[in-house]
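Chemist: The residues making up each chain are set out below.
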Amino acid sequence: MTFIERLTAIDRRIIYLIIALVTLLPMLFPIAQKVRVMSPVDKCFNAVDTIHADKALIIDFDYTPQDMPELEPMAFAMLRHTFTRRIKILVLCLYVQPLGLAQSALDQISAEFNARAQSNADSIIYGRDYVFLGWQPPPLVPIIGMGESIIRVYPRDYYGNQTDTLPLMKRIKNYGNVELLVSLSSSSIPGSWLQYAQNRFGLKVSAGVTSVSAGDFYPFLQSGQFSGLVVGMKGAAEYEELLTRKLNFHTRRKAGESLSSITFAHLAIILFIIIGNIGFFMKRRKK
Amino acid sequence: MILSHDVWTWIGALLSLAIFSFLYKDNPFYKTAEHIFVGITNGYAVTFYWHNILVPVLFNPLFRGRLILIIPLIIGALYFTRFIPKVSWMVRIPIGITIGYYTGVSIPANIEANIVKQVQGTILSPANFRAWHAGSWGILWSVLLFIGVLCVVSYFYFSREHKGLLKLTSRIGIVFIMIGFGAAFGYTVMGRISLLIGRLNFLFGNWLGIIK
Numbered sequence: 001m002t003f004i005e006r007l008t009a010i011d012r013r014i015i016y017l018i019i020a021l022v023t024l025l026p027m028l029f030p031i032a033q034k035v036r037v038m039s040p041v042d043k044c045f046n047a048v049d050t051i052h053a054d055k056a057l058i059i060d061f062d063y064t065p066q067d068m069p070e071l072e073p074m075a076f077a078m079l080r081h082t083f084t085r086r087i088k089i090l091v092l093c094l095y096v097q098p099l100g101l102a103q104s105a106l107d108q109i110s111a112e113f114n115a116r117a118q119s120n121a122d123s124i125i126y127g128r129d130y131v132f133l134g135w136q137p138p139p140l141v142p143i144i145g146m147g148e149s150i151i152r153v154y155p156r157d158y159y160g161n162q163t164d165t166l167p168l169m170k171r172i173k174n175y176g177n178v179e180l181l182v183s184l185s186s187s188s189i190p191g192s193w194l195q196y197a198q199n200r201f202g203l204k205v206s207a208g209v210t211s212v213s214a215g216d217f218y219p220f221l222q223s224g225q226f227s228g229l230v231v232g233m234k235g236a237a238e239y240e241e242l243l244t245r246k247l248n249f250h251t252r253r254k255a256g257e258s259l260s261s262i263t264f265a266h267l268a269i270i271l272f273i274i275i276g277n278i279g280f281f282m283k284r285r286k287k
Numbered sequence: 001m002i003l004s005h006d007v008w009t010w011i012g013a014l015l016s017l018a019i020f021s022f023l024y025k026d027n028p029f030y031k032t033a034e035h036i037f038v039g040i041t042n043g044y045a046v047t048f049y050w051h052n053i054l055v056p057v058l059f060n061p062l063f064r065g066r067l068i069l070i071i072p073l074i075i076g077a078l079y080f081t082r083f084i085p086k087v088s089w090m091v092r093i094p095i096g097i098t099i100g101y102y103t104g105v106s107i108p109a110n111i112e113a114n115i116v117k118q119v120q121g122t123i124l125s126p127a128n129f130r131a132w133h134a135g136s137w138g139i140l141w142s143v144l145l146f147i148g149v150l151c152v153v154s155y156f157y158f159s160r161e162h163k164g165l166l167k168l169t170s171r172i173g174i175v176f177i178m179i180g181f182g183a184a185f186g187y188t189v190m191g192r193i194s195l196l197i198g199r200l201n202f203l204f205g206n207w208l209g210i211i212k
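Protein chains in written order, with this note's numbering: chain V, 1 to 287; chain B, 1 to 212.
Calculated directly from the structure, the hints in this document are not laboratory data.
Some hints could be false.
[To be verified] Derived DSS-like pairs: lysine-lysine, alpha-carbon spacing no greater than 30 Å straight-line: (1) B:117 - V:173; (2) V:246 - V:34; (3) V:43 - B:117; (4) V:283 - B:25.
Predicted model, so just to flag it, every value in this text is computed and none were measured.
Okay, chain B solo, but in the shape it has when bound (with noise of 0.2 Å):
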């Protein structure tokens, strides 16, 4: 065992150690550990910006002559009219042109990457038989994929009453839902046990050295 001499490793082991104390309870040590993350992001964030965005893109050219930028720097600043209620109202120009443009750019990308193409992916052919890598049991996947894809869509379909049918499908949709669910939730839980793995990592290996 050999104790880091590193000065930043102690604080890092010492801020998890307070931060995994929640798991017993809340207590002044989770707090105050919670506090500073929050702070040296937002710090680190409201810094990072001011130094690499707003000074170099903004400020030195709009002061070198650059005058056109006088534009983007008024709409900008019209998000700090939310502080002032008499002209409040005019935070909605910069928020109309954010939403405007990234709904403009953001619509016909959608529905090619996520409509479209996972249609096509849908689509019992050859080519997507293939893309499982499976042989001849490509066909039953796409077969099951199909199914699976219809019976769920059925199941969102509310315009009418689940009977005959669209309850039978919209029964197989939630079998396939609830098979997603498991999925996405035994991932959470790799996901999670992770995260621990490289804490454990940290403590026992960067800090107390016991694990080479």
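Here chain V stands alone, though its shape is the one from the complex (with noise of 0.2 Å):
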């Protein structure tokens, strides 16, 4: 067997081996690296940034287990950035699997600023800066009817309360005082908030999404229906780094200290394609 034929009968199981070892010695012995802000993340950063004292932003929770490692760490920033601007916050979940992500996302943000707090002013209190609205199926009800009233949508909250009791559900009342949603998403709801949402109601809408789906969101982001768009892991890095470059807001970054293991095993992903399509190029001229 020449040395051409070896490099294209590689065991797949050698492959599997070097992607785990290369993916998991930076985590291991990290590397800083410099996170470069793209366009798409930056404007949804000033669209969550820019909402007015007035009106209130749309969290949609909607990723399950599967997903956590992409879109975990973006709703962690998002919540941060909210928490720390003031900005109230509705989070609702289209799906029953994500219910429980949602929940154990605001307890341990609005924990991680409760034990800084000072004052009750300072502190994220329960119905007054955040309400959780829980899960209404089929996802369309939700979408449409909080067009017209999101107490008739959810007559209760996640943990059983009458939403109409809740300080802040007495302004919010439908997307007229909402100005931005954001579908943290790894299916494809975040189009059906731009088809239902936006074209009835003309809700400003973003989106963060998986890395695997993000292919079809871009063109939204393009032609100005989306205000935002936030991609995997990379994605959240681009807003943890914004977090502190704009807000100084320092905290762990968890999405920023996977991005040397992404860039490594990208690296050897694209030296396993060359070394295969040298191989195969050789072999096909030897015949």
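Since each chain comes alone in its own frame, lean on the hints to assemble the complex.
Modeler: Structure follows, in structure tokens:
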């Protein structure tokens, strides 16, 4: 067997092992990597940052446990952003599985802020600063129904409280009181927000999506339908970078820490693709 | 290295390793983990729907006297007629209602969001040049997008043989399609590596305590 033949016949398990190693080693021995913020993330950050005090932001948590590495850092960064800027938020899920993840993210980030708070005004208080509306199926019902009345679609929040008794809900009635919606999703749901909430009610929509689905959503950014787009772990790292750069917010940057792993894994895969192609062409020439 | 004392972390870690074992070859550990995953997912969904939808939204109000809810109950129950061969045709009723509703709602919305707005985004207008946030380069990107869209659409025009100008545009269309596929593949790789990072973080961080 010639060297070239060997190259094209590497056992796939060896390739898996190499990919695992090049991904793991930068995690064990971190290498600081500069994060360049791209325009789609910058637009999303600005769209959130410029929300008026009398308006609210809706965050649609629609990622499942298998998408957590990409979308959870985004959700954390966005919650930190809104809590720092005191932007009022409504959180909801259009599917069942993300409910627990949304609750855990809200609990963790609000506790982080409350641990530092010196007074009631500094604290992040449920019902005053944010409301977790929970889940109401099927997805079209809340997407369209909230344009008329949020309380009618969600008579009770996730914790069973009557929503009309919550202070924040007394002034956030429908999309007229909402400046932006951010859909953090691993499915086609951001498109549904455009189709039904934006077309009918003129709601501004941004999205945070997984890398796999990025190609489906970029056309909506260029056409101006999305106010911003955050893609995958790289996008989350850029959002974390903006938090530090623009708001001087310093905390652990989960997505940023993983960038060197992504870089080395990509380099390894590029190398494998080149080797595979060289082997293929050499073999063909021999024949 | 501080090993986790949480039993759920251990269960999660062992199940993750069982799933990863498939990369070596198919084996009983992988099959067990796969079946546990499917079973738990379905069990969770069924109980959640029962406790959060069927009981509070349908059964409780129905038994309190909102008799109008018998109609959706019957329509929903017709799905089960599929299991009775003699009346299985009745399953078409709920399917027809569902398809009719979603088609009616989605056709105008789809045309507006996916066709009208997208065509507007392709037109060579100053607003679209500015949308790239690339200064005077915005014109170039818009022209490139315009040519790309026309060429790709021409590739999918099968009513005439691809000869002459149509051959040229469809060839250029293929180049744009291939670039799109390449970008999609690159993003897919990034997504999969991110998932691997998530699992490695869990195994070497939450479980073994090696990663801080």
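Chemist: If a hint holds in the structure, say so; if it does not, say that too.
Modeler: Results of checking the hints against the structure:
Straight-line distance between C-alpha atoms of residue 117 of chain B and residue 173 of chain V comes to about 28 Å, which keeps the hinted pair within the 30 Å bound. For the given pair, residue 246 of chain V sits about 16 Å from residue 34 of chain V by alpha-carbon distance, which is consistent with the 30 Å threshold. Under the criterion of a C-alpha separation no larger than 30 Å, the hint pairing residue 43 of chain V with residue 117 of chain B is consistent with the structure, at around 19 Å. Between residue 283 of chain V and residue 25 of chain B, the direct Cα distance comes to roughly 28 Å. Compliance with the 30 Å bound is thereby established for this hinted pair.
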